[in-house]
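Asker: Below, each chain spelled out in residue letters.
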Amino acid sequence: MSSRFVAIWFPDLVSEGMIRRRPQLKDKLFVVAAPEHGRMRITAVCAGVRRQGVYAGMTVADARTLVADIQVLDDAPALPGQLLTGLGYWCIRYTPTVATDLPDGLVLDATGCTHLWGGEAAYVEAIQSCLQALGYTTRIAMAGTVGAARALARYGQRQITVTPPGEEKPAILPLPPAALRLETAVTERLQKLGLCTIGHFINMERSVLRRRFGLGLLNRIDQALGWKEEPLLPLQPVEPFLERLPCPEPVVTRTGIEIALQQLLHTLCERLVKEGRGLCKAVFKACRVDGEIQQIAIGTHLPSCQPTHLFKLFELKIDQVAPGPGIELFLLEAPKVEKTRIAQGVLWNHGGFNDNRLAELLDRLTGKLGSGIVHRYLPDEHYWPERSFKEAASLTEQPVTGWRDDRPRPLRLLRIPEPVEVAAPVPDYPPIHFRHKGQLHTIKKADGPERIEAEWWIAEGEHRDYYVVEDETGARYWLFRLGHYAGNKPCQWYLHGYFA
Amino acid sequence: MDGVQRNIIAHLQRDILRLQGQSPAAKQLAGKVNLGPVLNAFPYKVFPTGAVHEYITDTPAATAATAGFVAGILNGMMRHSGPCIWISPDRVVFPPGLRSFGLSPDRILFVNAGKKKDLCWAMETCLQMDGLSAVVGELPDLDFTASRRLQLAVEKSGVTGFVLRQKSPNLHPTACVSRWQITPLASYCPEDLPGVGLPCWRVELLKIRGGKPGSWQLFWVDDAFRALQDAATDMASIPLRKIS
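Sequence lines, in order, name chains A and Z. Quick note on numbering: the first sequence equals residues 1 to 500 in the numbering used here. Quick note on numbering: the second sequence equals residues 1 to 244 in the numbering used here.
Keep in mind that a hint or two might mislead.
[Unchecked claim] Which residues of chain Z face chain A? A partial, calculated answer using Cβ under 10 Å:
1) R99
2) D106
3) W216
Hints in this document: simulated from the structure, not taken from any laboratory. Cβ atoms here follow ideal geometry from the backbone N, Cα and C, with glycine treated the same way.
Based on the sequences and whatever the hints tell you, model everything.
Answerer: Rendered as structure tokens:
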């Protein structure tokens, strides 16, 4: 579903808000003014005064020459914010996501809400008539982006504008550049160049616009056309997954803590199940009487909403909670929550990694022994032995390439190759014997060499010539010589692994 | 009369094995681990799954040989069962190397823990989960209490455990079902071809509950263990394959 946004503009927000707060002002002529450089400058006017030619920005003395019996009220800078917040909460009846747009507007995310009012036009009309009844004059626009809706509400021709999805661009073409919420300097420069409407410059080369007017203009155009996301800051944020359990008497025993944890997990998991989610991280906090906060955290490999499993994970760490003089409040928070996958019965694929029990087992292992102890490896397309495999990101990640088995590879590989002393009289032949950790191994059989280059685009270094060798006891080793033979200096040999 | 008595004795032997915590292999695994002549040493003539096997190693080369032997057993088990977990103090197993024993390394999870206590705990926890095919643990040492805990875990879940431990001068008795020692032997080269051939081991079964200990010389070819003594006839029966 494409997003739909409603922008509401209140042209007389402050004066109408004041009338609503003080109904005796209703039929009076008044202006709101604030001192500026020793003069009283008007910041808002009521509708009656405006009709007689007074506008915001005039000084009070000038206004008095036009309208003699004018009442001057003191400006309250915080008033627009308070009024908009109140109106925003009132608008939550139309959509759960409402954001204030200071100084004089609201933005509603109406995606998927309009059908309840019988269509988009009816929805917008309902909002306008209700606000009218509250005493607010409004101009409302609906569009697919916040930027376009906002521009059309303020600079559109009609009281109500509903732009069908995807037609934001033609709708904003005749509007002045100021509709794009540009900086004053940019607006003035556009004006000076004779670009009086958005249509005059929107199709220009982006590099030209960027050079002349900066990145801000391009951002605003992108936001208005929906090429760039514009996040809203909703008045009522989504409720976090947090459960509280106050205790009438301070808790000091392990049993008490366990009971509290079980209760919290139960309520949290009930909510998670209802919303089809599972938690990936959970933090259990215990607030003590003396103000200390003790906390333990767990993580899961797959999103889980099983109280028993989560309790088992916490159980390994309950010892870390020191109750001290007593705990008066328990908190359980799930900072990371994900949608649970629908469990699917595995019929044919025997023993996949999709098993929830396996994920639970790994949670227990990492919960106790620390994260980063469980590894799963996938093949990587490199010949260099240390790079021929890579760590898998998840349990369900499938190998992109197959494991190679056309070359002999040892079963055990030393993390760092260990230097050995060899007797290799014939160049490019396997050695006759080698000495490792003081022990001499005579080589009976050998295969090789297999030359592996160091992949210069990843790391610099010399190539290795690998030999599979077998000593007199039957033990099999993987040796390599680093670099080319040079006549004057001896080559260094290393032991890198053991074959089965 | 003789037949009846033999029947009764066989029945009683089965009961004793069951009381010792050793049940016949799970249906899906029965006959899947092909150990060649070694199978005759086991009760019921099948490799005991759902039990803990102990392997003694001394040198790094012997450890690699033991790991190879275990990988060969896993090959049969993992084909018909769940994933496997390999627990070791450090990353020592080279995943691409497992490929030569027919395993797909991405189906094995590697757990690394530094301390012996943690290793034992991890092994016990993994053995309790019945979806796994096997758990391999490289432990520095295994005392009787620890081995008893592992045995209790597998009796409930039916997972097979393999413990690879260092040889020490005084080996305590453990509750494991068997004790093995694998040493590498000179590789087998069919028809005296040059180079390093097929991996060979001396497999010593030092202890087996309800079976007969013994010693064999085995080699690994074509995803199966075979006896070295009749290698010539075995190799003749294996069809030639093109190696890319």
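Asker: Each hint: holds or not?
Answerer: Status of each hint after checking the structure:
{"no.": "1", "hint": "R99", "result": "4 Å, holds"}
{"no.": "2", "hint": "D106", "result": "5 Å, holds"}
{"no.": "3", "hint": "W216", "result": "15 Å, violated"}
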